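**Student:** This is what each chain is made of:
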Amino acid sequence: MSVAFSESARREFDALFSRYPDREAVILPALYIAQREFGYVSGEAVEYLAGLIGVSAARIEGVATFYTMYNRKPVGKYHVQICRNISCSLLGAEHLIEHVSRKLGVKPGQTTPDGKFTLSTAECLGSCGTAPVMQVNDDYHENLTQEKIDALLDRLP
Amino acid sequence: MERVLTTHFADDRYRHVDAYVETGGYSALRKALGMPKEEIVAEVRKANLRGRGGAGFPAGVKWGFLPKDLSRPRVLVVNADEGEPGTFKDRLIMSRGPHLLVEGIAISSFAMTIHVCYIYIRGEFVREAKILEEAIGEAHAKGFLGKNILGSGFDLDVYVHRGAGAYICGEETSLINSLEGKRGWPRNKPPFPAAIGAFGLPTIVNNVETISDVPWIVANGGERFAAMGVEKNGGTRLIGVSGAVNRPGVYELPAGVNLRDIIYEHAGGIKDGKELKAVIPGGSSTPVLRPGEIDVAYDIESMARIGSASGSGGVIVIPEGACMVRALMVLMNFYSHESCGQCTPCREGTGWLAKIVRRIEEGKGLEGDVELILDVCDNMMGRTICPLSEAAVMPAQSFVWKFREEFDRHIKDQKCPYGNKF
Ligand SMILES: Cc1cc2nc3c(=O)[nH]c(=O)nc-3n(C[C@H](O)[C@H](O)[C@H](O)COP(=O)(O)O)c2cc1C
Ligand code: SF4
Ligand code: FES
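Order-wise, the sequence lines are chains Z and C.
Numbered by the working numbering, the letters in the first sequence go through residues 516 to 672 in order.
Numbered by the working numbering, the letters in the second sequence go through residues 66 to 487 in order.
A couple of the hints might just be wrong.
Capping the alpha-carbon separation at 25 Å, the derived lysine to any residue pairs in SDA-like fashion look like this [as the list claims (entries may be wrong)]: (1) C:LYS336 with Z:ILE664; (2) C:LYS486 with Z:LYS592; (3) C:LYS420 with Z:THR583; (4) C:LYS195 with Z:PHE553; (5) C:LYS486 with Z:ASN658; (6) C:LYS195 with Z:HIS610; (7) C:LYS207 with C:ILE196; (8) C:LYS342 with Z:THR583; (9) Z:LYS588 with C:LYS336; (10) C:LYS212 with Z:SER533; (11) C:LYS486 with Z:GLU662; (12) C:LYS486 with Z:GLU539; (13) C:LYS247 with Z:ALA530; (14) C:LYS195 with Z:GLU662; (15) C:LYS195 with Z:GLU527; (16) C:LYS486 with Z:GLY554; (17) C:LYS195 with Z:LYS618; (18) C:LYS195 with Z:GLU613; (19) C:LYS247 with Z:GLU552; (20) C:LYS486 with Z:LEU531; (21) C:LYS195 with C:GLY314; (22) Z:LYS631 with C:GLY230; (23) C:LYS247 with Z:GLY554; (24) C:LYS420 with Z:SER533; (25) Z:LYS592 with C:GLY188.
The hints are simulated quantities; they were obtained by calculation from the structure and are not laboratory data.
Being a predicted model, the structure only gives us computed values, none of them experimental.
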């Protein structure tokens, strides 16, 4: 039951503790580091962080499950999240979601069998002026059309 | 027209400290450090700077709620969660003019004797978080942050803290819990954050735009800022226009600008030559307006007078041919997804609203469903820890009140007259 965080991650943990008057405040940033290192927040990573921060694993677990951006199981190499909120929907996001779903052969929430893509719907991404919008891993793609999405997804290695 | 924030946003270099300083940046900080603190707060009060996060509380008054006793350290939290559907203005500030925010933080912190600030930014804004980190680093290097700022003896550290995907964390007490490493559950008020906030310390939470207005106010005086807007709502506002318009985007306009002009002049009118059907004027939580209601000044008091709100400055434009039931369904799905679940009326109510509106849209609406929506809304008002419950009720009630015939028709015909699509 042990995970190996990288040297640089361990240095980041140390720096984080100095930012807040309370050790528990590092839980959110530490979960991001875990996700970056291992691709998702595993049970082992939760145990490790619990020990590091000095709280129970259940405490960390409760936080990790509250927030949508922590993946509790491995996701595809590319996490495609298409906004389905109002401004994007008005400009055709529902069709784009259907299109990508058909194209990849998966429903929102699922990963392609080759592990390349996970498709999700997202709530407003704070980019409504350039709707429709999707996020692929950390990057935003705006003013989407079917052609633009096709070109982008086809290009990803 | 004079602008407070966006004058240099077209310049890519402006997000770096050198270009920012060339345009006069950080001279307001220098000026503030030589002013008595009370005088800075007084200028902000005179400016009629109303919070830009949605509730519109006067910033100078909020700052005055901090306890007088300085023995406990205080905290400034900048709300960069920007989650309200239809709102995308803070992202513009952070990506095009991050030093406006950093300078605003430095001045505001000095005025309130605060030595640590956390910028709580929504997790999806990875790029903006990096830009902010870079701007903070540059400001440190120039002596605008850190120890003994510009030789004044004043110290300030600023940290970027990323949220992780939860709309509710935009609510200030939920945000504070999230910052403390907890679930983003809103807290009962009182105590208000100014008394007991982050880490048990007196805390001021302000929106990105609110804080970014502060350097201009200190540089040019509160009265001049106030004069740009209307009586109780000073300055300009960053207004995001989205949906079916020809030129969607963020427009910096004086508070009190006519809403029709925002849509037809600035945003170029309705897309594809269509007629206007409805406007959600201040982010998804604000009551919807009919086309006949948009000749109104876009400021806090004028919008309240017509029973709506300018909220967080997100104008969502709905064109003819778009189904209002479907639009409400999208919104109710959102609120039911985002309710934190602590309060029964909100948890159950948002779930019910989503379910009822969905079945109406899917052609399975029952007789009495419209009354049921209004009933559920009544039970959700004023019985909850935070205003999210009401934020769901506002669109639900107003859609039903103003577009009742569309709901009735869906139920009578047992189908969506618009073919279940936008
Ligand atoms: C459900 C909910 C979501 C909110 N989301 C945000 C947000 O994303 N950004 C924001 O600045 N304020 C948001 N607010 C308002 C904050 O609670 C708070 O009033 C604001 O940050 C105070 O800053 P201001 O006075 O400068 O506006 C939200 C409020 C509620 C009830
Ligand atoms: S009103 Fe809703 S979102 Fe707010 S605290 Fe209660 S359950 Fe949570
Ligand atoms: S509605 Fe899609 S980004 Fe806001």
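**Student:** Are the hints correct? Go through all of them and say.
**Tutor:** These are the hints, each one checked on the structure:
At roughly 22 Å between alpha-carbon atoms, C:LYS336 and Z:ILE664 fall within 25 Å of each other, so this suggested pair holds. A C-alpha spacing of about 31 Å is found between C:LYS486 and Z:LYS592, which places the hinted pair above 25 Å, so the restraint is violated. At roughly 22 Å between alpha-carbon atoms, C:LYS420 and Z:THR583 fall within 25 Å of each other, so this suggested pair holds. With a C-alpha separation of about 21 Å, the suggested pairing of C:LYS195 with Z:PHE553 holds against the 25 Å cut-off.
Proximity of C:LYS486 to Z:ASN658 is assessed by CA-CA distance (about 19 Å); at most 25 Å being required, the pair is judged to hold. The suggested pairing of C:LYS195 with Z:HIS610 is violated, with an alpha-carbon distance near 32 Å, which exceeds 25 Å. A hinted pair counts as satisfied when its Cα atoms are at most 25 Å apart, and C:LYS207 with C:ILE196 qualifies at roughly 17 Å. Of the supplied pair hints, the one linking C:LYS342 and Z:THR583 is violated, its CA atoms being roughly 34 Å apart against a limit of 25 Å.
Between Z:LYS588 and C:LYS336, the direct Cα distance comes to roughly 42 Å. Violation of the 25 Å bound is thereby established for this hinted pair. Taking the CA atoms of C:LYS212 and Z:SER533, the gap is about 16 Å. The hint holds against a cut of 25 Å. Under the criterion of a C-alpha separation no larger than 25 Å, the hint pairing C:LYS486 with Z:GLU662 is consistent with the structure, at around 20 Å. Our distance criterion of 25 Å between C-alpha atoms is broken by C:LYS486 and Z:GLU539, whose separation comes to about 46 Å.
Simply put, C:LYS247 and Z:ALA530 have alpha-carbon atoms about 20 Å apart, close enough for the 25 Å limit, and the pair holds. Restraint check: the Cα-Cα separation between C:LYS195 and Z:GLU662 comes to about 30 Å, which exceeds 25 Å; the hinted pair is violated. This hinted pair checks out: C:LYS195 and Z:GLU527 have alpha carbons roughly 16 Å apart, not beyond 25 Å. Under the criterion of a C-alpha separation no larger than 25 Å, the hint pairing C:LYS486 with Z:GLY554 is inconsistent with the structure, at around 36 Å.
For the given pair, C:LYS195 sits about 33 Å from Z:LYS618 by alpha-carbon distance, which is inconsistent with the 25 Å threshold. Taking the CA atoms of C:LYS195 and Z:GLU613, the gap is near 32 Å; set against the 25 Å cutoff, the hint is violated. For the given pair, C:LYS247 sits about 22 Å from Z:GLU552 by alpha-carbon distance, which is consistent with the 25 Å threshold. With a CA separation close to 47 Å, the supplied pair C:LYS486 and Z:LEU531 exceeds the 25 Å bound.
For the hint linking C:LYS195 to C:GLY314, the alpha-carbon distance of about 23 Å falls within 25 Å, and the restraint holds. Pair hint Z:LYS631 plus C:GLY230 holds up; C-alpha atoms about 23 Å apart against a cutoff of 25 Å. At roughly 22 Å between alpha-carbon atoms, C:LYS247 and Z:GLY554 fall within 25 Å of each other, so this suggested pair holds. This hinted pair does not check out: C:LYS420 and Z:SER533 have alpha carbons roughly 46 Å apart, beyond 25 Å.
Proximity of Z:LYS592 to C:GLY188 is assessed by CA-CA distance (about 19 Å); at most 25 Å being required, the pair is judged to hold.
Hint check: violations occur at hints 2, 6, 8, 9, 12, 14, 16, 17, 18, 20 and 24; the rest are consistent with the structure.
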